[in-house]
Amino acid sequence: MTPIDDDAPPLDPAESLALIERERANVGRDLSPDPRLMFWPWGIAWLVSFTLFFLRFGPDGRVFVDLPAWLPLATLAFLMISAGITTGVAGSRVSRRVMGPSNRQGAMYGISWSVAYTAFSVLFSQFSDVLPEEQAGLLWAGGMVALTGALYMAGAAVWNDRQMFVLGAWVSVINIVGILLGSGWHSLIVAVAGGGGMIAAGLIGWLRLR
Amino acid sequence: MTDQTDPLSTELDPVIHAQARLRVVSALSVLREDDRITFPQLQDSLKMTAGNLSVHLRKLEDAGYVEVTKTHQGRTPATLVRLTRRGRLAFDDYTAALRALLNP
Numbered sequence: 001m002t003p004i005d006d007d008a009p010p011l012d013p014a015e016s017l018a019l020i021e022r023e024r025a026n027v028g029r030d031l032s033p034d035p036r037l038m039f040w041p042w043g044i045a046w047l048v049s050f051t052l053f054f055l056r057f058g059p060d061g062r063v064f065v066d067l068p069a070w071l072p073l074a075t076l077a078f079l080m081i082s083a084g085i086t087t088g089v090a091g092s093r094v095s096r097r098v099m100g101p102s103n104r105q106g107a108m109y110g111i112s113w114s115v116a117y118t119a120f121s122v123l124f125s126q127f128s129d130v131l132p133e134e135q136a137g138l139l140w141a142g143g144m145v146a147l148t149g150a151l152y153m154a155g156a157a158v159w160n161d162r163q164m165f166v167l168g169a170w171v172s173v174i175n176i177v178g179i180l181l182g183s184g185w186h187s188l189i190v191a192v193a194g195g196g197g198m199i200a201a202g203l204i205g206w207l208r209l210r
Numbered sequence: 001m002t003d004q005t006d007p008l009s010t011e012l013d014p015v016i017h018a019q020a021r022l023r024v025v026s027a028l029s030v031l032r033e034d035d036r037i038t039f040p041q042l043q044d045s046l047k048m049t050a051g052n053l054s055v056h057l058r059k060l061e062d063a064g065y066v067e068v069t070k071t072h073q074g075r076t077p078a079t080l081v082r083l084t085r086r087g088r089l090a091f092d093d094y095t096a097a098l099r100a101l102l103n104p
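Residue numbers (the UniProt record's numbering), protein chains in the order written: chain H, 1 to 210; chain G, 1 to 104.
No lab work stands behind these hints, which were simulated from the structure alone. Just so it is clear, CB atoms sit at the ideal spot from N, CA and C, and this is done for glycine as well. Mixed in with the good hints, there may be bad ones.
Said to hold, decoys possible - Now the stretches of chain H that chain G is said to cover, found in silico as 3 or more residues with beta-carbon under 8 Å:
hint	region
1	22 to 33
2	96 to 107
3	171 to 177
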């Protein structure tokens, strides 16, 4: 059989397979949000604000830098909200290019984050006045990091994404280690290993898509 | 006569066996089943002109390989494209045939 019109002549099989792969990679890239925009804002938020937590509320009540006590939590809240907006906008801009089950999945996943964070915030704020500052800080930080790890692992299950699962498991494990070591160490571990892990995930994802 | 000059065309699906349509079908094969891509995005990813892409989509539609639907995204009209089950099957057969030609 001959091609049904006068199009560019077909390539040989190896070239055709290469063309198929190139085109699939191309579209795959166009339809996924930039991993840097999805991970770096969170990585930076954790790195910066948990470093502030560590400096202000160090292990065994040490104060490395006498920052205002409200500054670390305020920084965390501000940077997390900024990160949420950045990833939300980046994700929805890409998801508008496709219609169907997978952007419904994306929307449901995005909503899960907001709802779960809100629930935890409402719950933890009930204890903020009751607990000593150090314990309250650990409750907030440990809870939010646990939630993040769990949502990454759940997201990995939705999209069958191994790299995302590794990130979620990593975040969860370092969180547990940090909680057991106590609040000062928790901040340092989450800043370096958690924030650093997310920045690495964004970089690896971006290099893979290029 | 083309049959002699191009041994590939004797066994490969003639609808897909043209560079432009192979590119279109490859691009659409990335979508998950039942997902539809917007026409402008497909055009942008493939770097084709709207006219050229329309022509090839029509041929693919005639073969039952793609489905083109018109809808609205908010108030703006949108054209959406998806690979049909038949199209996906044809694409899988085509790539399998290419691999078979490479490693007989």
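**Prompt:** Are there three or more residues in the region 96 to 107 of chain H whose C-beta lies closer than 8 Å to some C-beta of chain G?
**Reply:** holds (count 8)
**Message:** Tell me whether the statement that chain G covers the region 22 to 33 of chain H is true, taking a Cβ distance below 8 Å and needing three residues at minimum.
**Reply:** Held - the region 22 to 33 of chain H has 7 residues with a Cβ nearer than 8 Å to chain G, which meets the minimum of three.
**Prompt:** With a cut-off of 8 Å between beta carbons, are at least three residues of the region 171 to 177 of chain H near chain G?
**Reply:** violated (count 0)
Against the hints set out earlier in the document, a violation occurs for number 3 only.
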